[in-house]
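The residues making up each chain are set out below.
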Amino acid sequence: MSRKAWSVVLVLCVGLAGVGPLWAADPVVIGVPSSLGFLEGKEALRAVEMAVEEINAEGGVQVGPEKRPFAIETIDIRDAAPGVPVPEALLGLEKIILEKKPAALLVGPFRSEALMAGMDIIAKYKVPMLGTIAMSPASEAKIKENPDKYKYIFRTCLNAKFLVKYLAGTMAFVQKQFGFNKVYIMNQDVAWARKTAEITTKVYFEKAGWEVVGHEAFPTGTSDFSSALMKVRAKGAQVILPIFDMPQSGTLVKQWNAMKVPALMAGFISPLAGPGAWKTFDEKIAGAINVNFEMGSAVASDKIPASVDFAEAYQEKYGVPIEAGHGVGPSYESVYILADAIQRAGTLDADAVVAELAKTDRSGVMGRIRFDEGHQAVYDMDPSEAAVAAVIQWNTDGSRTIVFPASIAEGQIQLPPGLKPAR
Amino acid sequence: MLVGTIIYALINSAILALMAIGFNLTFGISGVANFAYGAFYVMAAYGMWLIRNHTALPYPLAVAVMVAVNVVLGALMYRFVLLRLRGQALSEVIATFGIGLAILELFRYYGFVGFEYTLPVFSDRSFVVVGTYVDAQRLFILGFAVVLVACLWSFTHFTSTGLAFRGIAQDERTALTFGIDADRVAALSVAFGAGLAALAATFIIPLGSISPEEGYDVLIKALAVCIIGGLGSSGGVIVAAVIIGFAERFTDSYIGSHWTMLVSLLAILAVLVVKPSGLFGKQKELEERI
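Just so you know, the sequences run in chain order Z and S. Here the working numbering is used: position 294 in the first sequence is 795, and no number is missing along the way. Here the working numbering is used: position 127 in the second sequence is 591, and no number is missing along the way.
Here chain S stands alone, though its shape is the one from the complex (with noise of 0.2 Å):
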C-alpha cells in the first residue's frame, strides 16, 4: 500500500507539473496570468475528440492540428485583446478568465458532457511496478513530464528565442535595449502556454474525461501549483507539484479522499505565510526591498 501510494503520488505529481508548466511559463516571461488557461485544455481536448470522431484524419494528426490551433488562438487572444490591457493585471485576470468562462460554458451550452467525451489511451497495457499495476498511460505521462521538463530548459538556455523569453524574465527594459521584441515575445509565451495546455490534454484527458468543470479543476491546480512553486519559476513548479501530488495521494490513502482538496488547500496558506511569494518566489521579495 505504501509503495503503490509513492508510485501514484509520482504519477499524481507529474499530472500536476504538466497541468501548471504552461500557466507558469506565460506567467514567467510575460507576467500574464492567462486565467483562459483551462479553457485552452479543454478546447484541445474538444477539438482532438470532434476531430477523431468526425473526420479521417489520424489521431496523431489530430493531436498537431489542436496544439497549432491552440498556440494561433493564444497569439490572438494576446494580440487582439491582451496586448491593450498589458500591465495591467486585474484587468488581464478579468479579460482572460471572461474568454476562459465563455469557451467553458459555450462547450457545455452545446450539450459537450457526457463519458463519451474522451480521448484514447496511447497504450491499454498494465505493467506491474514493485508489487503495484499501474497502467501504461500513467508511465507515458511520467516519462513525458521528464522529457517536456528538460526540453523546456534545453529551449530555454540554447535558443535565441528561448534566450529572448528569459531576457523578457529578467528584465523586460534592458532585454528592449538589447533589441527583444517584448510584446512578440510575450505573444510567444502565451501562445506556448496555450500549446502546452493541448499537449497536457493529449496525455491526461485519456485517464478521464473531457468536460467542461475540467477546465476550472486545471487551472486551480495549475494556480495552486504556481502559488506554492512561486510564480514564473520553473524549478517551484516541479518542487510545488511534487509536494503537492504527495499530499493529495497520501490524503486520499490514509485519511480520505474528501480532505485531498483541503490539505491542497491548506499548503497553500501554509506557504504563503511563510514565504508570500511561494518556495522559489521573487516578486513579493522584490517589492518588500524596495
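Pulled out of the complex, with its shape left as it was, chain Z reads as follows (with noise of 0.2 Å):
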C-alpha cells in the first residue's frame, strides 16, 4: 500500500476515534409493548418513534455526564385482539423486559385487563411504564391502595374517569340546547367502557334529569348493530351514547345511517375520529360528535400551537395525517416527560427516575401534563392548566370543528340534517 493510500486509512481511522465516544454511548432502551397492528398502537409507536429521532437528533437523552441516544424495541402483545387471552399478552409484556432491558415501557398493554394483570409483572421487574392507552381507573386504584409496590406506572392518556367528565359536559350542553333528556348507552364489553358507561351514568345523567332508556353491551368484535338500533328508534332515545374502540365499531356508524335512526350521535367510536372518516364512511358522518381522547390524537388546535407542530411534523414524516383519536398525543409526549425525568434523576435507576417522573409539569401536545397521586396525567377543561381533549363534530362539508372545551372551542353543537329539537 502506498505511503498515500496509508494516510487516508491513518485520517480516517483518526476521524472515526474522533466521533467514536457520541456512538459508542450505549443506548436508553425503551420498550413498546401493545396491540401494534390496531390503528391506535401503530400509530402510538409512529409518535415514540418521532420523538425518539427528535431526541436523538439532539445527541441523545442527558444521563448524569453523558448523552446516550433512545432505541425503540418493540413486541405485539395483541392484548386488544378478540380472543387473545391475557396470560398470552403477558408473555409479551415479560418477554421484552427480560431480553430487551429496557430503561422504561411506553404506551404499553391496549386493555386495561392487560394492564390490570401485568402491573405486577412491571411491579416485580421495577420498569418505569407511561401508558398510553389502557384506560380502566382501577390502575389508579391499586398503585394508591399500594404505592411502594406499583409506583413504576404511570398514565398519560385520558382515563375513564376524565372522559366522563367531558361527556357530562357534551350533553349538558345537548339537553340545554336542544331539550334532550332520553339516552340509549352503547358500549364495547371491555373494562374501560364498562367504567365509563357506569360512572358516566351514575355521577351525570342520574343526577341531571336523563332517562337511560336502554343500556347495552357488545362483545368485541360484534359487527351487527341493527337489533340496537331498532330499540334506539323504538324507546324514543334522543341521544346515542357510543362508547367502542375496536375497529368494527364503525359499523354503528354505517348503520345508524342507513337506518335513518332519528337520534344524535354523540360518544367514543374509535374509527370516527381522524379526518379519513369522512371517506371511509362515505361522507355520511355529518352530525356524529365524537370525543378524541388527547389533543393531538387525531385533532390539533391553534389554541395549543404544540399540537398543531405535531400533527404536520407526523404527516410530514409519514405521509398520512393522524387518524387515531387516543394514544397518539400521550405517546410523543411521553418520550419527552421521561427523558426530562432521566435527565433531572441524572441515573437510569427505575426508583429515581419515577420520582422525577411523579414531579412532572411539562406543557406540550396536550396542554400542561402533571400526575396526580394515582399517577394519571391530569385532565381538565383548560390546557395552560392541564392536559385536554377535544370534542369534535363532523360537519357536512367533511371538516370537524371543535365543540368542546370551551377553551378550545371553534363552534358550537348543530343537530345533523333531519333531527329536531325537542323543544
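No lab work stands behind these hints, which were simulated from the structure alone. Hints may be right or wrong, so weigh each one.
From the derived model, a few chain S residues whose C-beta atoms are all more than 10 Å from chain Z [as the list claims (entries may be wrong)]:
hint, residue
1, Gly495
2, Ala497
3, Val536
4, Phe544
5, Gly575
6, Tyr581
7, Val585
8, Gln601
9, Gly607
10, Phe619
11, Thr625
12, Asp647
13, Leu671
14, Pro676
15, Gly720
16, Phe744
Ranges of calculated distance between the beta carbons of each label pair, as one might list FRET restraints [what the hints assert, rightly or not]:
hint, chain 1, residue 1, chain 2, residue 2, range
17, S, Pro524, Z, Thr902, 50 to 56 Å
18, S, Cys615, Z, Pro586, 39 to 45 Å
19, Z, Asp803, S, Leu540, 54 to 60 Å
20, S, Gly575, Z, Val704, 35 to 41 Å
21, S, Gln552, Z, Val713, 14 to 20 Å
22, Z, Ala642, S, His722, 39 to 45 Å
23, Z, Pro720, S, Arg589, 48 to 54 Å
24, Z, Leu916, S, Val738, 52 to 58 Å
25, Z, Glu712, S, Gly720, 31 to 37 Å
26, S, Val738, Z, Pro918, 25 to 31 Å
27, Z, Val704, S, His518, 33 to 39 Å
28, S, Ile719, Z, Glu554, 48 to 54 Å
29, Z, Arg863, S, Val536, 41 to 47 Å
Examples of chain Z residues lying across from chain S (beta carbon under 7 Å, computed) [said to hold, decoys possible]:
hint, residue
30, Leu540
31, Ser724
32, Ser727
33, Gln749
By construction, the Cβ of each residue, glycine as well, lies at the ideal position given by its N, Cα and C atoms.
Since each chain sits alone in its own frame, please combine them into the complex, following the hints.
If you want it as C-alpha cells, here you go:
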C-alpha cells in the first residue's frame, strides 16, 4: 500500500476515533409492548419513533454526565385482538422486559384487563412505564392502595373518569340547547368502556334529569348493531352514547345512517376520530360527535400551537395524517416526559426516575401535564392548567369542528340534518 | 319492533347462508373440510381493497380478479397440499387450518387492521320495508343469496360438471367407474368453494370492515351452519342458516347481544344431541347402520 493510501486510512481511523465516544454510548432502551397491529398501537409507536428521532438528533438523552441515544424495542402483545387471553399478552410483556432490558416501557397494554394483570410483572421487574392507551381507573386505585409496589406505573392518556367529564359536558350542552333528555348507551364489553358507561350514568345522567332508556354492552368484534338501533328508535331515545374502541364499531355509524335513526350520535367511536373517516364512511357522518381522547390524537388546535406542530410533523414524516383519536399525542409526550425525568434524576435507576416522573410539570402537545397521586395525568378544560381532550363534530363538508371544551372550542354543537330539537 | 326483527333476521339468515355455502359445497363433494375458508374470504376482501385503492381498475373488475385468484389458489391448495392428504380427515383439517392461520396472521403482521379496510356498498340508498328502514346492501344480499342458491341448484342438476360433482358426492367409487376423475372434481370443488368465499365477501364486507378476525368468525359461522344443517347438505345449509339467523336476531332484540353466541352454540349442541348428523346429514347415520 502506498504512503498516500496509508495516510488516508490513518486519517479515517483518527476521524472515527474522534466520533467514537458519541456512538459508543450505550443506548437507553425504550420498550414498546402493545397491540401494534391496531390503529392506536401503530400510530402510538410512530409518535414514539418521532420523539426519539428528535431527541437523538439533539445528541440523545442526558444521563448524568453523558448524552445517550434512545433506542426502541417493540413487541406486539395483541391484547386488543378478540380472543387473545390476557396471560398470552403478559408473556409478551415479560419477554420484552427480560430480553431487551428496557429502561422504561411506553404505550403499554392496550386493554385495561391486560394492564391490571401486568402491573404485578412491571412492579416485579421495577421498570417505569408510561401507559398511553389502557384507560380503566382501576389501575390508579391499585397504585393508591400500594404505592411502594406499583409506583412504576404512570398514565399520560385520558382515563375513564376524565372521559366522563367531557361526555357530561357535551351532554349538558345538548340537554340545554336542544332539550334532549333520553339516552341509549351502547358500549363495548371491555373494562374501560364498561366503567365509562357506569360512571357517566351514576355521576351525570341520574343526577341531571336524563332517562337512560336502554343500555347494552357488545362483545368485542360485534359487527351488527341493527337490533340495538331498532330499540333506540322504539324507545324514543334522542341521543345515542356509543363507547367503542374496536375497528368494527364503525359499522354502528354506517347502520345508524342507513337506518335513519332519529337520534344524535355523541360519544366515542374510534374509527370516527381522524380526518380519513369522512371518506371511509362515504361522507355520511355529518352531525356525529366524537370525543378525541387527547389533544394531539387526530386533532390539533391553534390554541395549543405544539399540537399543530406535532400534527404537521407527523404528516410530513409519514405522509398521512394522524387517524387515531387516542394514544398518539400522549405517546409522543411520554418520550419527552421520560427524557426530562432521566435528565433530572441523572441516572437510569428506576426508583430515581420514577421519583422524577411524579414531579413532571410539562407543557406540550396535550396542554399542561402533571400527575395526580394515582400517577394519572390530570385532564381538565384549560390547556394552560391541565391536559385536554377535544370533542369534535363532523360537518356536512367533511371538516371537523372542536365543540368542547369552551377554552379550545371553534364552534357550537349543531343538530344533523333531519333531527329537530325537543323543544 | 317484531316486524323489524323478522326482516333483519331474514337478512341475517341470508348472510349466514352466503358465508356457509362455499364451505358446504367443498365438503359435500370432496369431503374436504376446508378450514382455510375464512382466510380465503378475508384474502379476497383485502385483495379487492388493494386493487380498488392502489390501481386504476374499476371495482367490478377487482371483484372478478379476486374471485379468479381465489379459484386458482383453491385449486393450487388442493393440488399441492390436499391431494397427498386426501381421505385423512384430521390431516386435511390441520393442513387447511394451518394455511388459513398463516394467511390471516400475515395480514395482521403487515398491519392490515383498521376501519379504512372496507369495501364499498353497491348503493347507499335505504328503503322502508313494512315500516322498517333497510339499506340497499342488505336487500342485495337477500336477493343474491336466493339467486346463488338457484344457480347452484341448476348447475348441479343441468351441467355435466355439476352432475359429476353430484356423482362424486353420492358415491365416489361408482362415479369413478363412469369415468369421472375424482381428483379433478375434488380440486374443482375446493376451487369453487374459495371462489364463493370471495363472492360472499363482496356482498357482506361492505356492511362492516375487513379484519383478520373476520376470517375466524366466518369459519366458525360456516361450521355452525353446516353442522346444524348436516355437513354436505345444501338444503340443510339453508334451513340451518334460517334457524341460526332468527335465533341470533331474536336473542339480540329480546334478550341481549351478549347471549347471541351462546344461543348459536346451544342450537348446535341441541341439534347434535338429537340428530348427530345434523338436520339433513347422513354420514353418522350411515356409519351407525354399517
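Query raised in the report: So which hints don't hold here, by number, going up?
Result: Of the numbered hints given earlier, those the structure breaks are 5, 6, 7, 8, 13, 14, 15, 17, 21, 22, 23, 25, 26, 27 and 29, listed in rising order.
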